[in-house]
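Participant: Please construct the entire structure, taking both the sequences and the accompanying hints into account.
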Amino acid sequence: MNITISNLTKEYGRQKAVDDISFEVKTGEILGFLGPNGAGKSTTMKIITCFISPTSGSVSLNGYNIFDHSRELRSRIGYLPEHTSLYTDMSIVDYLRLSARLQNMEEEAIMPAVRRMVDLCGLGPERHKYIGELSKGYRQRVGLAQALIHDPDVLILDEPTTGLDPNQIAEIRSLIKEIGKEKTVMLSSHILKEVEATCDRILIINRGRIVADGSTGELRQRAKGAKQLLVQFKEDGNEVASSLTKLSSVSEVHPAENGESGWMVSTEPGMDSREEIFRYCVQRGWILTQMTPIESSLEDIFRELTED
Amino acid sequence: MNHIWIICKREINAFFDSLMAYIMLVVFLGLSGIFTWLMGGGDIFFVGQASLSSFFNVAFWTLFFFIPAITMRMVAEEERSGTMELLATKPISHFQIVAGKWMAAWLLVAISLALTLPYYITLASLGPVDHGATISGYIALLLISGVYTSIGIFASSLTSNQIVAFIVSLFIAFFFQMLFSQLAVILPDSLAGVTQYLSLNQHYQTMSRGVIGLSNIVYLISLILLGFLSATISIKRRAWQ
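So the protein lines, in turn, are chains B and C.
Read in order, the letters of the first sequence are residues 1 to 308 in full-length UniProt numbering.
Read in order, the letters of the second sequence are residues 1 to 241 in full-length UniProt numbering.
What the hints contain is simulated information worked out from the structure, not anything from laboratory work.
Below, computed lysine-lysine pairings styled on DSS-like, alpha-carbon distance capped at 25 Å:
#: 1; chain 1: C; residue 1: K236; chain 2: C; residue 2: K9
#: 2; chain 1: B; residue 1: K177; chain 2: B; residue 2: K193
#: 3; chain 1: B; residue 1: K129; chain 2: C; residue 2: K9
#: 4; chain 1: C; residue 1: K236; chain 2: B; residue 2: K16
Source: prediction; values computed, not measured.
Facilitator: Here it is in structure tokens:
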């Protein structure tokens, strides 16, 4: 199912949590929804799952507006909310059964589905425990199991890996990837590595607005149009470095950060400065000891796009 | 209907899992039993007639406190702990959620009333009982419990604090229990008729004497539905904030 979001706005009083955003997610796509805390990720997801209503704008799944066909569409969405709040007074199996029933599943299909979810989410040894007795990681798994139990076409996961240990995170990631092959998945996170590892496409949102949209590779290119080089010379001194700015392909030069010695050289967009720098140094008789292309990390992009 | 029943079953299980149901049953049966049989002035032996009217009077008041205590957590707790989010995003309407919860609370009350049937049997062996009045008294209690449950769930949907929900529902119920009939005394005749009709006490008195009229039924059912509607709107309101 394709999710189409157009001109969605949600205001809380005067504050705009989501400000006129539009995008589309296609079947078989895993969309990473990235942004700092309070950017509007959860609000958007709550609107898609019909938990809250937008101030204006619309959301549709395969062309059906979610407000006109709310009941039918909700049964095709699997949702894991940010704070996985489950009934603590129920056992895992009872809770999954309840979720399956509420999702209109046939009575005879319910137990096999519960068993499948218990296996898939690794709940086996704990399955008869009360949810109140479970650790955060296990609760998260139960949350994921209830979202998947009715085999939904659309999965909306709000920070699915919070509270999990690294092994569990790896498991959940591969699970999401597996599921994402046939379904439409949207997951939010503020952990960049996670999104990078799981998602086909990344949407960065800040203060309710979309600031970037594309694959990881595309984002890297777009955010820092220019490549960066870490350059070191045998000769030391500002004079050497500052004279590099005279070159036509170099846009800026500044001292390297993070305890590295040398200079960071930014290249003019669309150009390659390596050859020019090399020839320039040869001409002056300077000795280059290092010239390393630096790929800007997603973290840099994220910070650049979301910082004020 | 199916969804209402699913919610209802889950709530009933929650009652019996958390001991709440047992505590309530013991308290209700204990209080109404003491006041009906043992309290001296006003109890069955004091009245000297084979009539359950003393029980009905006591139950009218015990349920007044007993039901808000059952219903106070039903919506408030879901909102506070955030479980409402997963419930409301399932294909179920707000009305079904309210109706399922109402049914569960009402069934718990019905069970506790059913457990007082031995009073009736005991009494029947002591002397000639007015069966009509007793049956209509029970029907009246069931309907009034429905009203209190409805009010209680509405109150619970207003807040995420259980204590506030308890007090609000007692406050609303108190109007119907006492204040409307008191108002009828001080208001001019034209208005007094209205408040008299709104007084739950008034309807209860006629019904527990064995007279169930259409106006009683219409009154009680409309109050129940009004509570349903208000609770549904109140839960929905959060989505539009």
